[in-house]
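Undergrad: Sequence:
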Amino acid sequence: MANPVTLGQACQSVLLTADPYAKVMAARAAARQWRLGRLAHSFDVPMPDTPARPEHPQLLAPGMMPKRRKGGTEANRIALLHALAHIEFVAIDLAFDLVGRFGDQFPAAFADDWMKVGADEAMHFVLLDRRLRQLGSHYGAHPAHDGLWESAYETRHDVLARLAVVPMVLEARGLDVTPVTITRFESAGDSVSAKILNRIYNDEISHVFAGTKWFETGCSEHRILPKDYWKLLVNRHFRGSVKPPFNDSARLSAGLSRDYYA
38 MANPVTLGQA CQSVLLTADP YAKVMAARAA ARQWRLGRLA HSFDVPMPDT PARPEHPQLL
98 APGMMPKRRK GGTEANRIAL LHALAHIEFV AIDLAFDLVG RFGDQFPAAF ADDWMKVGAD
158 EAMHFVLLDR RLRQLGSHYG AHPAHDGLWE SAYETRHDVL ARLAVVPMVL EARGLDVTPV
218 TITRFESAGD SVSAKILNRI YNDEISHVFA GTKWFETGCS EHRILPKDYW KLLVNRHFRG
278 SVKPPFNDSA RLSAGLSRDY YA
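Our numbering puts the sequence shown at residues 38 to 299.
Misleading hints may appear alongside valid ones.
Claimed, not checked - Lysine to aspartate or glutamate pairs mimicking EDC-like chemistry, simulated, CA-CA at most 20 Å apart:
no.: 1; residue 1: K250; residue 2: D227
no.: 2; residue 1: K250; residue 2: D150
no.: 3; residue 1: K268; residue 2: D240
no.: 4; residue 1: K153; residue 2: D240
no.: 5; residue 1: K250; residue 2: D141
no.: 6; residue 1: K268; residue 2: D195
no.: 7; residue 1: K232; residue 2: D150
no.: 8; residue 1: K104; residue 2: D195
no.: 9; residue 1: K250; residue 2: D183
no.: 10; residue 1: K104; residue 2: D86
no.: 11; residue 1: K268; residue 2: D285
Because the hints were derived from the structure by calculation, they are not lab data.
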């Protein structure tokens with residue numbers, strides 16, 4: 038869509054863009070247009086069940102993915118950075134799908150938060166792909182799995198399920214594992230990658246906070262106890278398990294108390 042005039046159209050345009058850097062540009066443009074008040078708070082077009090994807094990376098079932106080694110070699114670090122770049126690439130679509138699919142159920146402040154999240158994810162992807170290129174690789178050079186989007190598809194009819202699973206489980210897991218990953222890169226002498234991951238980590242705390250805030254807002258409107266309902270939704274819609282170790286301090290900063298997950 039050449040010139041979206043509604044929030045729904047802008048979100049749809051991001052989801053229907055396959056090329057990674059064209060998607061980044063569409064995401065940044067949509068977030069900027071919304072921030073400047075140039076998009077109507079209207080949701081007049083459907084979101085696709087599956088976003089457009091580039092020809093590479095090849096998408097495999099999670100069980101078919103090659104095992105990543107944990108050593109500090111450059112090849113292992115590149116493989117890990119590629120996996121993280123793919124997570125951030127899919128996260129762009131997750132943010133804009135959330136707004137375009139469910140934005141009419143919330144006030145404009147919901148879009149304020151998630152359009153900013155979408156712009157953050159686009160920036161994270163660019164930082165990681167740039168680092169891959171500095172190391173002689175690029176996004177698309179390795180296979181990736183589509184488990185993140187499977188969670189979005191599973192929760193496409195229920196915004197509280199989407200918030201419970203995507204920011205409050207999947208992104209929260211990033212808060213648990215990223216500090217260890219940062220230490221691994223620092224130990225390998227790769228301070229450049231470590232700084233990128235630290236920036237992403239700090240942004241992700243605010244993303245999980247937004248997920249928790251709007252989940253609790255939705256529960257309050259329906260007079261539902263959020264912690265009990267979160268557990269029910271996760272059991273119903275999340276195929277994995279929520280298991281330790283947990284980064285309790287980061288989770289608490291994101292509004293996720295131990296009452297939710299312990």
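Undergrad: Run every hint past the structure and note whether it holds.
TA: Verification of the supplied hints:
1. K250 / D227: 35 Å, violated
2. K250 / D150: Given pair K250, D150 holds - Cα atoms ~10 Å apart, limit 20 Å.
3. K268 / D240: Violated: K268 and D240 sit about 25 Å apart, past 20 Å.
4. K153 / D240: 11 Å, holds
5. K250 / D141: 17 Å, holds
6. K268 / D195: Satisfied, since the Cα-Cα distance of roughly 15 Å is no more than 20 Å.
7. K232 / D150: Given pair K232, D150 is violated - Cα atoms ~24 Å apart, limit 20 Å.
8. K104 / D195: Measuring from Cα to Cα gives roughly 33 Å; hence the hint is violated.
9. K250 / D183: 26 Å, violated
10. K104 / D86: 29 Å, violated
11. K268 / D285: Distance of about 18 Å is within 20 Å: holds.
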